[in-house]
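Same order as they appear, the protein sequences are chains L and Z.
Per the numbering used here, the first sequence starts with residue 5, numbered consecutively.
Per the numbering used here, the second sequence starts with residue 5, numbered consecutively.
In case anyone wonders, no lab produced these hints; they're calculated from the structure.
Check the hints yourself; a few may be wrong.
Pairs count within a copy or across copies, as identical chains cannot be separated in the list.
To be verified - Here are the computed lysine-lysine pairs in the DSS-like style, where the Cα-Cα straight-line distance is at most 30 Å:
#, residue 1, residue 2
1, Lys234, Lys159
2, Lys234, Lys280
3, Lys8, Lys159
4, Lys331, Lys134
5, Lys8, Lys331
6, Lys8, Lys280
7, Lys331, Lys234
8, Lys134, Lys159
9, Lys280, Lys159
10, Lys280, Lys331
11, Lys234, Lys8
2 protein chains.
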Amino acid sequence: MPEKRYLMTPGPTPVPPEVLAAGAQPVLHHRSPDFAPILERTLGRLQAVYRTERDVLMFSSSGTGAMESAAANLLTPRDRALVVSAGSFGERWVQIVRAYGAEVDVLAYEWGAVPAAEDIATRLRERSAKVVFLTHSETSTGVVADVRSLAAAAKEAGALVVVDAISSLGAVPLETDAWELDVVLAGSQKALMCPPGLAFAAVSEEAFAARGSGPRFYFDWERIRAAQAKLDAAYTPAVTLIASLDVALGHLLEEGLEQAFDRHARLGRACREGAKAMGLELFSPDDDTAAVVTAIRAPDGVDATDVVRGLRDGHGITIANGQGPLKGRIFRIGHIGWFDVFDITTALAAAELVLVELGADVERGVATARALEVYERARV
Amino acid sequence: MPEKRYLMTPGPTPVPPEVLAAGAQPVLHHRSPDFAPILERTLGRLQAVYRTERDVLMFSSSGTGAMESAAANLLTPRDRALVVSAGSFGERWVQIVRAYGAEVDVLAYEWGAVPAAEDIATRLRERSAKVVFLTHSETSTGVVADVRSLAAAAKEAGALVVVDAISSLGAVPLETDAWELDVVLAGSQKALMCPPGLAFAAVSEEAFAARGSGPRFYFDWERIRAAQAKLDAAYTPAVTLIASLDVALGHLLEEGLEQAFDRHARLGRACREGAKAMGLELFSPDDDTAAVVTAIRAPDGVDATDVVRGLRDGHGITIANGQGPLKGRIFRIGHIGWFDVFDITTALAAAELVLVELGADVERGVATARALEVYERARV
C-alpha cells in the first residue's frame, strides 16, 4: 500500500486528475487542425484569467523564462531599471536585470516587508527608470503586494511596469488592463493548477513599442506574437501541457474568478487562524491579502527544517521551508490552485503532530476546528 | 466512434502510452526526495543515450531553447562564427547566431545538399571562427550529415563545434565523447519518444571554459550545471515531462541503442523502397543515412500540400509538408521514435490512395509489400 502524498507547497501545486489526464492524451502536432482549437481556446481563457484584451504570449518554459523575456525584450545595456525587492523573487529580478546589463537601482526591503507606493514614487523622483520590476506575490515570504498602487506610482513617474504574477494570477485579484500593467508574467504550476513547463506574458502596446536591441530569440515577444496571431507557435510548444492548461483554465473560469479569489482568501484565513489557535506566530501578514501562502515562524527551539522533514517523512506531506535568510526560521504552507479547506486541516493537523514530537509548546486539538470555523461559506 | 489518428511527422512524434501515463501521475515537488531519484536516473539515462561522461544539462524548453543556449553561452558580440546550412534548421542557426551579435559566415548549400568536411576546412582556412554550428539531421530535407567528419574538420581548424542533434539523437549513431563534439543539443519530442517541452545540452569542458560575456539567465549553463550537481534545478522544471522522459529513455536503452539505430535505418529503407515501388522520386538521399525522415517529391502536376491535406482529412494521418522553398514540392514521412514497419505501410498505403485521388500516375498495390520485404529482420 503506497503512502498517500500531499503536495502543499506554493508551487508546483496539486493538479486535478482530469487536467493530468488531458495531458496524457496522444500527442497532437502543433500545426494540425486538431490542435488549433485547443490553442485558440486556451489563449482565450488566459485572456479571461488575465482580465486583458491583449494577446497573452505563451512560452514553453518555467516562470523564470517569462521573467527573463521582460528583461531581454525591454532592456538594452545601460538602461535604467528599478527593482522593488522584499524577498527571494525580488532578488531574482535583480539577478535577471543585472544579467541584461541594465543600471539597476534596488528598492530593497527586509524580507517579509510590504512594499509601499510612496517609496517607489520617492525613489523614482531621485532617479528615473525606464522599467520598474515588481513582485505581486512574494512566495518566499507570503506577502502579496498592493500591485495596483505600486504600479500607479511607477506609471505616474513615466516608467513601464513589469509584474511577476507567477504565484498570484488566478489566486488574488489582478486586473491587467484596468490597472494598466504593462507586462504581467505568470506560470502554469501555481494557481492555474497545471504541471510546470508553461509561462506567460501579457504585454502592452507601450511595452512592445519600447523594446530594446539586446540579443534574444527564444523569448522574443515579436516572434511569438506573430506566430500566435496565426494560431501557430514559433517553435514546437509543450502541446501536452497546453492540453492540460486548457482543461485547468476551464475549471477556474467555471468556478468564476471572483469565487476563486474568495476561496483563496478563506483558505488563507483558515490556515492563519488554525496556526494561531495552536499558539504559533505568523511570519506572513495576518490579513486576507495573504491568500497565496501562509508563512509560520518555527516556535522557540524548533528548526523549521525539522518541521518540513517531519511532515515529509512522517506523513507524506510536502510543505516549504524558508528560503535564504529565512531557512530554518519559517515554514510555509501553500494554498493556491486545487485546494480546499480539508487540505488546510490536514496540513495543520500534521504540523501539530510534528511540532509536539519536536518538543514545541503548542495548543493541541484546536487548530483544525478553528480552521473549519473561519473558512465559512463562500461570500461571493 | 472517433477517427483513429496517426502522427507521422518528424516531431513531435508518437509517445508510448506508458510514457504518457508516467507524465499523468500526481505532480511531485522538484526538490522532494520522491523526485530526486527520477531526476538522477533520467540524467544518467541521458548520458547513456548521448554516449558521454559529461553532465547533460536539461532545460524546460523546446529544442530551439537549447540551440539558443549555445549562442548565448559561447558568443560575445563580434565573435566569429561559421554556420553550415543546408535547410531550414541551418537557417535557424543563422538567425540565432545573428541575434547574438556574432560575425556570421554561412557555408550555405542548396536545401537538400549533403555538407562536406572539405568545404568546412577550406572555409575555415579563409576565415577562422571561434565556433562552428552544425546540423546533424536536417529535418527539413531528410539529410543526416556525417557530423563526425564535419566536426573533425572544424576541430582541426581550432574551432569549437556545436551540433544540433535534435532530431537525430537516439535515431542514428552519435558519439558525443568519442567524436569530441563540444556541444550536442537535443529535444524530448523526437527519437526520445516524449512530449515536447524538454531540451538538452552536453557541453565539453573546453566549451565551458570558452563562455562569453553576453546576457543570459534562464539558459545559463553554469547556473544549470551547479543546480544539477546537487540534483536540484535552477528553476521549477517540467517535472511531469521528466517523469515521462525517464520511462521513455528506459525503453530506448532496453531496446539498445545499436538496435534502435538499426531499426531506424530499416524503417527508412522500407519507406524509401515502398515509395520508389510506387514510382515516386525521393528528395532525401536514397541510402541508409536517411533514417530520420523520408522526403518524397510530389509527382508532376501534384501539389504536396494537397497530399498532406488528403492524408490528414481523409485518413487522420499527419505527415509534414516541405518547408520554405520546398513547400508544396515535397512531403515528408517521419520515422523516429516509437515507430515500427506497420506505421510505414500505413503511411504508404494512405499516400497511394491520396495520390491516385489527385490523379497522379502511381503504381498501385506494391508499396506496402515492398516495404515489408526490405524491412527484414533486425541485423544487430
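Checklist entry - 30 Å Cα cut-off: does Lys8 pair with Lys331 within a copy, between copies, both or neither? => result Classified as within; 26 Å inside a copy, 53 Å across copies.
Next on the checklist: If the cut is 30 Å between Cα atoms, do Lys331 and Lys234 qualify within a copy, between copies, both or neither?
Outcome noted: Close across copies (18 Å), not inside one copy (47 Å); limit 30 Å.
Next on the checklist: Within, between, both or neither: how does the pair Lys331, Lys134 come out at a Cα-Cα threshold of 30 Å?
Outcome noted: Intra 34 Å, inter 44 Å, cutoff 30 Å: neither.
Checklist entry - Given identical chains, is Lys8 near Lys280, meaning Cα to Cα at most 30 Å, within a copy, between copies, both, or neither? => result within (27 Å within a copy, 57 Å between copies)
Item to check | Lys234 and Lys280: within-copy, between-copy, both or neither at 30 Å Cα | outcome: Result: close neither inside a copy nor across copies, 53 Å intra and 36 Å inter.
Item to check | Intra- versus inter-copy proximity for Lys331 and Lys280 (alpha-carbon distance at most 30 Å) | outcome: within (21 Å within a copy, 66 Å between copies)
Checklist entry - Is it within, between, both or neither when you check Lys134 against Lys159 at 30 Å Cα-Cα? => result within (10 Å within a copy, 44 Å between copies)
Item to check | Homo-oligomer pair classification [Lys8, Lys234; C-alpha up to 30 Å] | outcome: between (44 Å within a copy, 27 Å between copies)
Checklist entry - Quick one: Lys280 to Lys159, C-alpha cut-off 30 Å, is that within a copy, between copies, both, or neither? => result neither (39 Å within a copy, 66 Å between copies)
Checklist entry - When no copy is named, should Lys8 and Lys159 be tagged within, between, both, or neither for a Cα gap of at most 30 Å? => result neither (48 Å within a copy, 54 Å between copies)
Item to check | Homo-oligomer pair classification [Lys159, Lys234; C-alpha up to 30 Å] | outcome: Neither: 32 Å inside a copy, 42 Å across copies.
The structure fails hints 1, 2, 3, 4 and 9 (numbered hints given earlier, in ascending order).
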